[in-house]
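**Q** Spelled out from the first residue to the last, the chains are:
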Amino acid sequence: MKKMPVLKVENLVKHFPIKAGVFRRTVGWVKAVDGVSFEVYEGETLGLVGESGCGKTTVGMTLLRLYEPTSGRIIVGDEDTTYYFMPTLRARSYIKKMYLNRFEKLYDERKDAALEELEGVDRRYYERFLKEGKSGLYRYLLSNISEKRKAFRRNLQIIFQDPYSSLNPRMRIKNIVAEGIKAHGLAQGEEVIGKVADLLGGVGIIPEHMYRFPHEFSGGQRQRIGIARALALQPKVVIADEAVAALDVSIRSQIINLMEELQQKHRLTYIFISHDLSVVKHVSDRIAVMYLGKIVELAPKKELFENPLHPYTVALMSAIPIPDPDKRNKKRIILQGDVPSPINPPKGCRFHTRCPVAKKICAEEEPPLVEVKPGHFVACHFPGSLSWKS
Amino acid sequence: MIDVENREPILRVKDLKTYFYTEDGVVKAVDGVSFELYPGETLGIVGESGSGKSVTSLSIMRLLDERGRIVSGEIIFKGKDLLKLSEGEMRKIRGNEIAMIFQEPMVALNPVYTIGDQIMEAIILHQGVDEKKAREMAIDLLRKVGIPEPEKRVDQYPHQLSGGMRQRAMIAMALSCRPSILIADEPTTALDVTIQAQILDLMKELQNEYGMALIMITHDMGVIAEVADRVAVMYAGHLVEYGEVHEIFKRPRHPYTYGLLSSIPRLDVEQEKLKSIPGTVPDPLNFPTGCRFHPRCEFAEERCKVEEPEMVEVLPNHYSRCFFWKKLEDLEVK
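Protein sequences appear in the order of chains S and X. No gaps in the numbering here: position 261 of the first sequence is 261 in our numbering, and each next residue is one more. No gaps in the numbering here: position 59 of the second sequence is 59 in our numbering, and each next residue is one more.
Mixed in with the good hints, there may be bad ones.
[Said to hold, decoys possible] No more than 20 Å apart at the CA atoms, straight line, and that leaves these computed lysine to any residue pairs for SDA-like:
hint, chain 1, residue 1, chain 2, residue 2
1, X, Lys273, S, Ser278
2, S, Lys302, X, Gly73
3, X, Lys273, S, Asn257
4, X, Lys273, S, Pro300
5, S, Lys330, X, Lys275
6, S, Lys301, S, Lys174
7, X, Lys273, S, Thr70
8, X, Lys273, S, Asn175
9, X, Lys275, S, Ser387
10, S, Lys330, X, Asp268
11, S, Lys195, S, Ser165
12, S, Lys327, X, Gln271
13, S, Lys174, S, Gly202
14, S, Lys330, X, Thr280
15, S, Lys327, X, Ser49
16, S, Lys330, X, Lys204
17, S, Lys331, X, Glu205
18, S, Lys301, X, Val269
19, S, Lys302, X, Val269
[What the hints assert, rightly or not] Under 8 Å between C-beta atoms, here's a sample of chain X residues computed to sit facing chain S:
hint, residue
20, Met106
21, Val107
22, Gln160
23, Gly164
24, Arg303
In short, the hints are calculated from the structure, not lab data. Idealized CB from N, CA, C, for every residue including glycine.
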């Protein structure tokens with residue numbers, strides 16, 4: 001039986017408008033995320049790695065619906081959550097287009113037999129469509145939208161990069177951590193204090209310090225508080241966006257270890273976003289490498305490091321300085337030039353302008369992300385053609 | 001490798017103390033630092049935020065802000081103590097014989113002058129050539145640091161260049177007078193790894209060509225292992241370990257260096273759980289008594305709390321500021 005993903009992203013797109021002139025007309029689009037698909041399974045850590053501007057943070061923010069996706073589907077558990085935060089009219093038209101019209105067509109063609117070819121949410125919703133009709137499904141999807149939103153927020157939480165700007169300086173730690181608990185009615189009165197104390201204790205902050213303000217803590221301690229806040233609602237998935245990037249080396253390993261302990265204790269699922277391949281390698285079970293708004297390679301960690309197939313992955317690995325002077329003179333692949341602008345990404349394969357092994361077809365045709373081995377996906381016309389051994 | 005025994009250092013820093021007088025009290029940012037730099041070598045200074053590594057370099061350049069004061073020490077460059085020079089004499093050395101590049105090129109470059117103007121300024125000031133000649137030299141330098149279309153770029157402003165290109169322009173500026181010492185303060189920290197690889201590569205190449213000595217200041221042990229001949233590890237305003245790069249990485253004799261090396265996630269080795277150094281970096285207004293690392297040290301004993309250790313030579317040309325460095329003899333960095 002296939003494992004059921006806790007989170008499934010299909011063809012996620014997020015374009016930001018560029019406005020200019022007196023009338024703030026849209027003159028172009030920043031294609032920050034341009035068709036990204038992946039699944040995340042319960043209890044695992046998916047690493048999302050790439051350089052600045054590759055869209056890794058935008059993926060995280062869009063998953064959390066801090067940005068509204070331009071298109072694509074975000075499925076959490078067995079519900080499509082894409083429309084949860086859309087304005088009513090847009091949500092209605094999304095549901096009509098995505099499900100009602102499509103299902104109607106399927107039904108006209110194949111009747112009940114269409115169920116066989118559907119899976120996941122599509123299958124579930126089609127069953128309901130067959131049982132309760134178009135209006136039944138419509139009502140089901142649009143009912144209790146505010147509860148659905150709350151459940152969504154409970155299930156997905158985030159740890160931010162900068163522990164200095166992500167905690168409100170005018171709130172006491174207790175209130176920062178308790179805010180979600182109160183908003184979701186998970187505890188009342190004295191119970192709240194007890195819960196906050198447990199949470200802070202769990203991340204290594206002395207519970208008596210809950211009446212202090214953020215400025216009274218060091219960077220590492222603040223990041224612990226940010227983690228306590230993220231865990232307060234017992235989320236299923238935690239998105240860690242460069243959670244250790246701003247910390248000193250000696251503090252970084254403390255936080256990484258803490259996050260791993262908490263993952264085991266609470267069966268958490270992490271999406272770990274980072275530019276640092278060494279850190280991502282340490283924490284992840286599977287790794288997705290992003291370049292200019294696309295996933296170029298996705299594989300289980302061991303497979304990715306033993307058998308990297310995309311030239312960009314290989315170049316990225318070879319570029320990282322190894323803290324061992326004996327390995328100094330290893331051959332290194334130095335990419336020429338800079339990352340192109342996501343406003344006007346290159347045609348064909350987006351990496352072809354910097355790729356040492358690019359051929360003619362790379363400039364013309366965009367390679368799709370295909371599964372070359374079980375669980376190993378790569379988007380390249382000539383996978384494995386660039387090699388490098390440390 | 002540099003033969004330390006038989007060469008005259010080009011720069012010798014002796015017992016440097018730089019304090020900052022703030023409203024909250026005296027910050028002893030650098031508190032008795034000594035090291036030598038030999039011609040043509042790369043000395044890596046590594047430490048975490050607040051360890052004093054940047055203040056050390058600013059002290060050498062005498063670029064401290066008005067609250068900072070060099071309280072004592074000597075900085076001997078080619079036989080002269082830089083701390084005794086007048087501001088005018090120092091100017092002839094700064095940017096000419098000792099040049100510096102910074103972490104964030106967008107902040108270090110002046111946004112209202114073109115790249116060319118800024119490079120030419122140093123050339124005209126120190127080499128007494130006319131503007132036309134200086135412009136030619138600037139274009140040559142830009143070509144040398146790998147900037148495409150240097151004739152066009154020379155008239156562009158910093159914001160028109162990418163981060164990597166700006167850092168290249170900074171390097172061009174620093175090299176314009178063929179300095180004998182280049183101080184690079186976290187030159188690649190703000191850059192992506194693929195760009196970092198380009199810049200480190202370029203710096204090595206240019207160092208070989210120009211034969212200059214390089215002080216590389218960074219928090220990244222990977223960068224140190226990549227470029228340094230010798231390493232100075234700083235913690236809380238002190239040098240805690242100092243020696244040849246293989247020595248430091250293979251046989252660390254200070255618990256801080258050892259902890260630092262064992263706590264980095266590695267691309268090249270499998271690690272189960274990361275080792276970590278407990279606690280946090282101490283408050284510079286209020287350093288611990290005795291050894292400044294003792295509250296976080298797994299080997300600390302009573303003596304460490306009250307008595308401050310001196311630098312001792314634990315192996316030939318390998319120094320450590322620890323009473324119990326022998327405890328680390330059997331340990332290996334994985």
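**Q** Run every hint past the structure and note whether it holds.
**A** Evaluation of the provided hints:
Taking the CA atoms of Lys273/X and Ser278/S, the gap is about 14 Å. The hint holds against a cut of 20 Å. Restraint check for Lys302/S and Gly73/X: not satisfied, since their Cα atoms lie roughly 52 Å apart, outside the 20 Å limit. A C-alpha spacing of about 7 Å is found between Lys273/X and Asn257/S, which places the hinted pair at or below 20 Å, so the restraint holds. For a cut-off of 20 Å, the pair hint linking Lys273/X to Pro300/S stands: about 19 Å separates their Cα positions.
Proposed proximity of Lys330/S and Lys275/X is contradicted: the alpha carbons are some 27 Å apart, above 20 Å. For the proposed pair Lys301/S and Lys174/S, the alpha carbon gap of about 38 Å is over 20 Å, so the pair is violated. Between Lys273/X and Thr70/S the alpha-carbon distance is near 40 Å, which puts this suggested pair outside the 20 Å criterion. Note on Lys273/X and Asn175/S: the hinted pairing is violated, with a Cα-Cα distance of about 33 Å set against a maximum of 20 Å.
At most 20 Å may separate the alpha-carbon atoms for a hinted pair to count; Lys275/X and Ser387/S exceed this at roughly 32 Å. With a C-alpha separation of about 12 Å, the suggested pair Lys330/S and Asp268/X falls inside the 20 Å cut-off, and the hint holds. Restraint check: the Cα-Cα separation between Lys195/S and Ser165/S comes to about 24 Å, which exceeds 20 Å; the hinted pair is violated. For the suggested pair Lys327/S and Gln271/X, the alpha carbons sit about 18 Å apart, so the restraint of at most 20 Å is met.
With a C-alpha separation of about 14 Å, the suggested pairing of Lys174/S with Gly202/S holds against the 20 Å cut-off. Distance hint between Lys330/S and Thr280/X is unfulfilled; the C-alpha atoms sit about 35 Å from each other, more than 20 Å. Restraint check for Lys327/S and Ser49/X: not satisfied, since their Cα atoms lie roughly 27 Å apart, outside the 20 Å limit. This hinted pair checks out: Lys330/S and Lys204/X have alpha carbons roughly 15 Å apart, not beyond 20 Å.
Restraint check: the Cα-Cα separation between Lys331/S and Glu205/X comes to about 15 Å, which is no more than 20 Å; the hinted pair holds. For the suggested pair Lys301/S and Val269/X, the alpha carbons sit about 13 Å apart, so the restraint of at most 20 Å is met. With a C-alpha separation of about 12 Å, the suggested pairing of Lys302/S with Val269/X holds against the 20 Å cut-off. This hint is violated: Met106/X has a C-beta 14 Å from the nearest C-beta of chain S, more than the 8 Å allowed.
With its C-beta approaching chain S no nearer than about 17 Å, Val107/X sits outside the 8 Å limit, and its interface hint is violated. Given the 8 Å rule on beta carbons, the hint for Gln160/X is violated: about 13 Å separates it from the nearest Cβ of chain S. With 8 Å as the threshold, the beta carbon of Gly164/X comes within range of chain S, its nearest partner Cβ sitting at about 6 Å, so the hint holds. Interface restraint check for Arg303/X: the shortest CB-CB distance to chain S comes to about 23 Å, outside 8 Å, so the restraint is violated.
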